[in-house]
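**Q** For reference, the chains in residue letters:
4 protein chains.
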Amino acid sequence: MRLRTGCNLKFEIATPTPFILMLRPRSGSQQWVEQQEYEIDPGTPVYEFTDDYGNLCQRLTAPCGMFSITTSSVVVTSDYTDEAYGAEFVEIQNLPDSVLSYLLPSRYCESDCFNELAVSITQGEILGYNQVAAITNWLRSNIKYIPGSNNEPLSAIQVNTNGYGVCRDLAHLGIALCRSLSIPARIVVGYLYNLQPMDMHAWFEAYVGNRWYTFDATQMATTGGYVILGLGKDAADVAVFNQFGPSVFPIDQQVWVEKVE
Amino acid sequence: MRLRTGCNLKFEIATPTPFILMLRPRSGSQQWVEQQEYEIDPGTPVYEFTDDYGNLCQRLTAPCGMFSITTSSVVVTSDYTDEAYGAEFVEIQNLPDSVLSYLLPSRYCESDCFNELAVSITQGEILGYNQVAAITNWLRSNIKYIPGSNNEPLSAIQVNTNGYGVCRDLAHLGIALCRSLSIPARIVVGYLYNLQPMDMHAWFEAYVGNRWYTFDATQMATTGGYVILGLGKDAADVAVFNQFGPSVFPIDQQVWVEKVE
Amino acid sequence: MRLRTGCNLKFEIATPTPFILMLRPRSGSQQWVEQQEYEIDPGTPVYEFTDDYGNLCQRLTAPCGMFSITTSSVVVTSDYTDEAYGAEFVEIQNLPDSVLSYLLPSRYCESDCFNELAVSITQGEILGYNQVAAITNWLRSNIKYIPGSNNEPLSAIQVNTNGYGVCRDLAHLGIALCRSLSIPARIVVGYLYNLQPMDMHAWFEAYVGNRWYTFDATQMATTGGYVILGLGKDAADVAVFNQFGPSVFPIDQQVWVEKVE
Amino acid sequence: MRLRTGCNLKFEIATPTPFILMLRPRSGSQQWVEQQEYEIDPGTPVYEFTDDYGNLCQRLTAPCGMFSITTSSVVVTSDYTDEAYGAEFVEIQNLPDSVLSYLLPSRYCESDCFNELAVSITQGEILGYNQVAAITNWLRSNIKYIPGSNNEPLSAIQVNTNGYGVCRDLAHLGIALCRSLSIPARIVVGYLYNLQPMDMHAWFEAYVGNRWYTFDATQMATTGGYVILGLGKDAADVAVFNQFGPSVFPIDQQVWVEKVE
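These protein sequence lines are chains A, B, C and D, in that order. Sequential numbering from 1 applies to the first sequence in this note's numbering. Sequential numbering from 1001 applies to the second sequence in this note's numbering. Sequential numbering from 2001 applies to the third sequence in this note's numbering. Sequential numbering from 3001 applies to the fourth sequence in this note's numbering.
A couple of the hints might just be wrong.
[Said to hold, decoys possible] Once the Cα atoms are required to be at most 20 Å apart in a straight line, the calculated SDA-like pairs of lysine to any residue come out as:
| hint | chain 1 | residue 1 | chain 2 | residue 2 |
| --- | --- | --- | --- | --- |
| 1 | D | K3010 | C | G2043 |
| 2 | D | K3259 | C | G2043 |
| 3 | C | K2259 | D | G3043 |
| 4 | B | K1010 | B | F1089 |
In short, the hints are calculated from the structure, not lab data.
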């Protein structure tokens, strides 16, 4: 499907503020970017680089006063998300080098603390895809998805204690559970067609059957229409905007995802 | 300055043909991409990756029949090209690791054969920027820039023998001369505002005074308005389209560069 | 100084166990490896790769029974550690791209929780090196360095609560405090000459004055004699041995560091 | 088999001379380095980095006077070289991104000029491994392997014209022929057990059947006992010593490869 996705972020800046943004989608194996616009108002020097995960990052220093960022893209992405019940667990010794670091615990995914829970959730499952599907279903049943319930990312331990969280938080718990079973897992941020309520979104991917598969515990059924902005170990790596110095929050934020012909 | 650049390439494909294209400009330290469009007709699966030089490359297999690629971008780039007479030669032992490979000879830049000529051209010059400027001036006086004079890249030796070449060929000779003096040099392909006649363009960069500087022997005076599509050791690395199998040439090719407000 | 460093790790393996080891020092800007030996007994296929941080990692699957790894190296390293009181804080917008990820919180360095403490510790200090020196001194006075006090890494929050930890744990708190002030910081593991009691060691580096400087809160005075095995965001990235499946601990571990002529 | 390999290079340096050396073997999927020594006399600051191909490179400036480099390693490598008649040609669109640049022409492998010859040599062969085997046999029959016949690398065109060359030169022609058939190919330098006369060695690898295979036209039969020092597109990338400024040649060079238990 062909989607027009975008966002507008408005800030009121009191003191010149360095930002690192991750708002430009890249073409890759999962999506093709046909059109793209990136507007910064007032015009400000921007420098773009590629981070360790291959994400495009935009560096700038926002000047004082009203500051607005608008990006818009037309992206071709899949109508559905691949499912692969039965896809096998990959033994550690057979994992590609590039995937190994997604086994390690990270800021918001304390996978070293979740082995017991993960084993109990996945009991009786065939090793691999089915374990991750069981984890996703467990999240759907046990952790309430409450959009807007917090601003700061929750770690897997906190989400599991609270029993609720935003999309990013559910992803953290899913990732921690996978890694605790030696299944590489990573977070993805971007857009989702038909998300309710519309906003930036986050989900996760797990590496089984020799490739990455998409999982999203916030959606009742597997669906397509995902557009990727960035990926990494957890929300620490993939803030769509990272801002340094005294905290600045958007005074307005619009997000849109529409089908186009 | 803000430029709308783009091209349209049309092919008549007789047998399914793999292509690697380098037609999407990237934002970086020298330019900022505000808008971008990439259209392939008929629609074909495309996969984009980043090559060893950081260039975005698009892989696809063109189906039989008429095949057209159109890309268009709005890019903010500098009004002028930095000049730095006096910028110093960097001793080999002080060059950054990432720059060392641009000292080596390459397919079209046989720098191992040009030390004598380079020494004679740069006699009496302060080591560094001034040497490269002298090389560029020598190219302007001694090698005729004849757009369209050949399709296949000429190597530095061939250009020097022929006494003429297209933009790419002049760049090859400039690069070979620089490298033969232990000055790192690389080719850049892209667009240039006001190029006569309008076409894709190629120029070169040399590393002196601890950064890369732009040189273009096809232009009488230093100017701005450059938009970068890719860079590498020579034309072998930065074909804007690389096609495999029986040769296919565009039956039509349009290139445009316009100022926008 | 020229140091012979090495270790011997002995395991009793009950079930074939995948390991990722980080026991081969690399030559780099801080050290030169003159000799190196790496012995695995019984002989087992090993595959070495370079991780995202440039560390050499050895992958193998340990067979059942006694399993022993011995590495030994002669490394030339500095007699002293550079100090640079007054070296300046680098504004975020001026940091090199490659350093930015060391500003982010990580598994054991929850820098997002330490700004208040870091500000109070560094009050009145010149921004940059002096802040990191103040943090290191604060660690020396406030966190007891107790070798062997725990096996699993403690996070910065845990160390701060407990008031004690091993070398790695003190490094975690130092790193979290630096990052909370927007100073990039990373962990280093390796060997230290004259360490009491002798063991593997961990310390940290902070990026100020446009380069990395070494800090070690476990030592009363700045000293030299450091040999690096690996570096990363925190202990999650730089386990000298990472083992998967049911936990296996060394039944014997010898570490040595001696001066050689 | 377990080999002790090494070399000693002696220079008489008239003016301080920057060197880039590639004399430290790395462990990888094809070899495991058990012991390694690297001695520079007189002692000189050395800095080691990893180049774009993953080779370890040592940078130093040789002081005036006698200058000697000795390296020695014990390396475990295969007793034989894998053969795979029938291993299939990989279509361009299915090649991994990381392999694509080995299709391009390079300084000493003008693959753009060899399609006709390559087609005639491989007529009737199954596409893939068998084509490369046919090319290797053709080299054995048509190009004389004359150790020591030249100092400077010959390009594929020159070797084909001359009808003879050293190991490196034969590899260049083999690589150019492979690439002209859209088979990725690269040069490897290192040591070979039982090489007559003993010296540094060079051979090539081709990518067919989804992996790299070893080919060596200087040896009548496929054999094992290869130890890799570096790999790249051609000899320009993998000089075991690259020296800048007025030419300096070793006044003495010893190379050894012995079996050890």
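**Q** Taking only the CA atoms, is the gap from K3010 of chain D to G2043 of chain C under or equal to 20 Å?
**A** Violated: K3010 of chain D and G2043 of chain C sit about 36 Å apart, past 20 Å.
**Q** Next pair to validate is K1010 of chain B with F1089 of chain B; report whether the Cα-Cα distance is within 20 Å.
**A** violated (44 Å)
**Q** Given the proposed pairing of K2259 of chain C with G3043 of chain D, does the C-alpha separation stay at or below 20 Å?
**A** holds (17 Å)
**Q** Assess, step by step, whether the Cα of K3259 of chain D is no farther than 20 Å from the Cα of G2043 of chain C, and give holds or violated.
**A** holds (17 Å)
This entry does not satisfy hints 1 and 4, going by the numbered hints stated previously.
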